[in-house]
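Keeping the supplied structure of chain P fixed, place chain A upon it in accordance with the hints.
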Amino acid sequence: MRRNGFLIAGLILVGLGAVAGLMALGDVPLSAADYAEAFRAPDSIPAQILWQIRLPRNLCGFLVGAMLGVAGAISQGYFRNPLAEPGIMGVSAGAGLGAAVAIVLGLGLTSWGVEGFALLFSGLISLIILAFVAKFPDRQALILLGVGLSSLCGALMALVFNLSPSPVTTAEILGWMMGSVENRSWEDAGLALIGLVVAGCLVVRLGRGLRLLSLGEDTARSQGVNVRMVAALSVLAISVLAGLSVAVAGVIGFVGLAAPHFVRTFGIRDPYSLIGPSGLAGGVMVLLADALIRLLPSSTDIRLGVLTSLIGAPLFALLAWKSANQWVSQ
Amino acid sequence: MIEVSALEVRIGATVAVASVEARFDAGRLYGVVGPNGSGKTTLIRALTGLLTPEAGEVRVEGHDVASLSLAQRAARIGYLPQERTIAWDLSVAEIVRLGTKDGNEAVVGEVLTQVGLETLANRGVFSLSGGQRARALLGRLLATRCPVLLLDEPLMALDPAWQRQVLLILKDMAARGHTVIASLHDLGLAAQFCDAVCVMRDGRVAAFGAPEQAFTPEVLAEVFGLSGELRTEAEGLALHLAARPL
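Chains P and A, in that order, are what the protein sequence lines are. Throughout the first sequence, residue numbering follows the working numbering, covering 380 to 709 in sequence. Throughout the second sequence, residue numbering follows the working numbering, covering 34 to 279 in sequence.
Calculated from the structure, these hints are not laboratory results. It cannot be assumed that every hint is accurate.
Unchecked claim - Quick look at which bits of chain P chain A covers, simulated, 3 or more residues with Cβ under 8 Å: (1) 592-599; (2) 603-615; (3) 644-650.
Because the structure is a prediction, the values reported are computed rather than measured. Backbone N, C-alpha and C fix where the C-beta goes; we use that ideal spot for every residue, glycine too.
With the rest of the complex left out, here is chain P (with noise of 0.2 Å):
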């Protein structure tokens, strides 16, 4: 317990700092000056670039990757395994299919019609989801329904691409399903913890059913466990937050995959109390990753959602290595 309060109280630290110190970071260089004056005048230009752009920014990349960090830590909760993560079920790919389908139909300039269309595909997939769920509770049969419906989306992002009537509208697309939170608005950040208030309320219903799922759902349901009811939550949650930050900040590799491992390297196993750490986690990792596409000559032009992977695949084969050791001598 103690140790997850350090961990909690470092990573919080750590956030800020970030957020505080990459008001510092961007195209524009600002003076002393320039700092005093967007605090006494909020409508100067340099206000304009710290609250306007760089703070929604800041707030936009802790907040999605804190959602994808929770979600990433209730589907390893959830399916018991360590190589879960937020788009298991198909909702980031079905939202990345609504922001495709959205691009085409000509709404990538217009406000919220790409998160709009984001969240409209990822909230019918998550409704096919549930409604599986609702009969079949079984996370085996679930894992095969999400690869089936990523699949699905898929082949339909393939057609979409197909279909494209523009090479640049082709370009937009691609550029969306590598991630940014560049140009984020307030309104993206407002999004973005809406999403983590909804599953906040939803993941405090469900430490003691994952706790107990760890010694499987005998055990759970002889405890009083209603296991198709931590299914549902656990699957609504998820949904959720992977739908939102695809439609915030479009596909972000591995910081779902890896914040829960690396909050396990601190010795925190239980699986409900990885939830919040995690989520700091993934918000600090998102910051980090943002820093450095700040500080890269602005050339080089890479996205987010690669970033985090180039950086987040090795860390993860390192602590894969780490943890298949420990498993291996089980």
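Relative to the frame of chain P, chain A by itself:
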């Protein structure tokens, strides 16, 4: 106390348990024995309420198990399944704590001592032996403090000394007033430690009663294909068995 009447349970189209009539009293340790596939696990799962019977009923302390809510059932019946999978590297204390309702540390400490894992309380289970892990899971069951304790093969993975120790723990729980029912494979240990045994064959009860009544040479031969006899020795009942030619 558990009363079972005309119980029939199907797994798919197969009748796994049929026509079971039995009464398990509080304060006694019962062994459910039988060859592989004889219906031991199905019977125990039906007693927990995890399996819905096709016919008949199971009454726990006078209540039909099927009519109890999940919480009411959990307050009355503790269950240790045969499946010993642990998904995460939880500590021994965390696993035992899962059995308690409110994380009562006094109960956790007492149970850790009972299962001999007090010095390993903070160790992750992945670094423990199979037997130590089995004892941690037994600790989770004991921490439930349920009046009825059902255990499916609790001696699996335990060394001979701990097999006896676990049976002594179960006997002690029975002496404290719990109804304890455990499926066992070792007929000798069942004869030595159990107050009564339920011998299963092809989903039916072939014999039920005190070991000296249930383990007759005829039952041993017909159910297990073994020849043997039960003798009273200095340490109590001892079963002397020899395999019969198949």
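Each hint, compared with the structure:
no. : hint    : result
1   : 592-599 : holds (count 6)
2   : 603-615 : holds (count 3)
3   : 644-650 : holds (count 3)
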